[in-house]
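Visitor: Mapping the sequence shown onto the numbering used here, position 181 (from 1) lands on 161, and the numbers just tick up by one.
It should be emphasised that the hints constitute simulated quantities derived from the structure, not laboratory data. Take these hints with a grain of salt, some might be off.
Mimicking SDA-like on lysine to any residue, the simulated pairs with C-alpha atoms at most 20 Å apart in a straight line are [unchecked claim]: (1) K214 to L66; (2) K229 to F240; (3) K69 to L59.
Pair by pair, the computed Cβ-Cβ distance ranges are [as the list claims (entries may be wrong)]: (4) L168 to K69: 41 to 49 Å; (5) A242 to V197: 34 to 42 Å; (6) I248 to I210: 33 to 41 Å.
A virtual CB, placed ideally from N, CA and C, is assigned to each residue, including glycine.
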Amino acid sequence: MSVDSTVGGAPGPRIETTKPSLWTKISYGFGAVAFGVKDNGFSYFLLIFYSQVIGLDARLVGLALTISLLVDAFFDPILGYWSDNLRSKWGRRHPFMYAAAIPIAATYFLLWSPPQGWQEFHLFLYLLILSIVVRMLISIYEIPSTALAPELTDDYDERSSLQAYRSYFGWTGGNAMSVFNFIVLFPLFATAAIPNGQFNPEAYRTYGMIASGLLLVSVLASSIGTHSRIMHLKPAPPKRRLSPLIVFKEIFETLSNRSFLALFISAIFGSV
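Take these sequences, add in the hints, and give me the full structure.
Guide: Here it is, written out as structure tokens:
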């Protein structure tokens, strides 16, 4: 695809822009299933599972989830900065995406298969550590993957199309997993002793197996499906000496951007 630019009212040189193939769009979008499944699991099932099925105090469950969210809030900007400045033969994004695939699947499965017979404090630590690790691993994949959209094409409409695929697969994948739990999985694990399968720990163990497999497939499909585009992606900025102080200073400069703050505040109200 190409577009005409104008200089002083006269036609300028034609600017060549790349157009991702349908396969690239589908594979890129399908990668959002990982975040959708994880997000729905954390939002709808994790509190119920650990408090009403495992028996951990709901206040401790809420505390663990809150702490993991706060840790993630500090980790994400640092990871984004690292990804932006990474130099490798696979570019800036794909090394993170590939590296996260298996650990994401493994830790998400363990999250839904806590050890039996542990004391409450040990279960709290188990939930806390795994919640933090899962969130961080999802970020290691999701942040570089999301950053691919403006690098896969220079065309505004194509970028919008890529984001549409990503939003569709993210919402559909996460909600489909939740619907599957209520329509198929929980009724399947209903027993005479536990009439409501939603309170059967084996149902969540099976959910963990299925969901972790879906996470692995989603991350690998997106990473492999966009791998051929690496040579066309934007390179890292010029190398320079960085210190933790400079990194945090530049991160806070970005976060203090007025346009970003407007979007951030509107997102908070939207979430509430």
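Visitor: Given the hint of 41 to 49 Å, is the C-beta distance from L168 to K69 inside that range or not?
Guide: holds, 46 Å
Visitor: Need the status of pair K229, F240: alpha-carbon distance at most 20 Å?
Guide: holds, 16 Å
Visitor: Mind checking the hinted window 33 to 41 Å against the Cβ distance between I248 and I210?
Guide: holds, 35 Å
Visitor: Within a Cα-Cα threshold of 20 Å, do K214 and L66 meet the stated pairing?
Guide: The hint holds at about 12 Å.
Visitor: Is K69 within 20 Å of L59, Cα to Cα?
Guide: holds, 19 Å
Visitor: Between the beta carbons of A242 and V197, is the distance compatible with 34 to 42 Å?
Guide: At roughly 37 Å between Cβ atoms, V197 and A242 fall inside 34 to 42 Å, so the hint holds.
In summary, the structure agrees with every hint in the numbered list given earlier.
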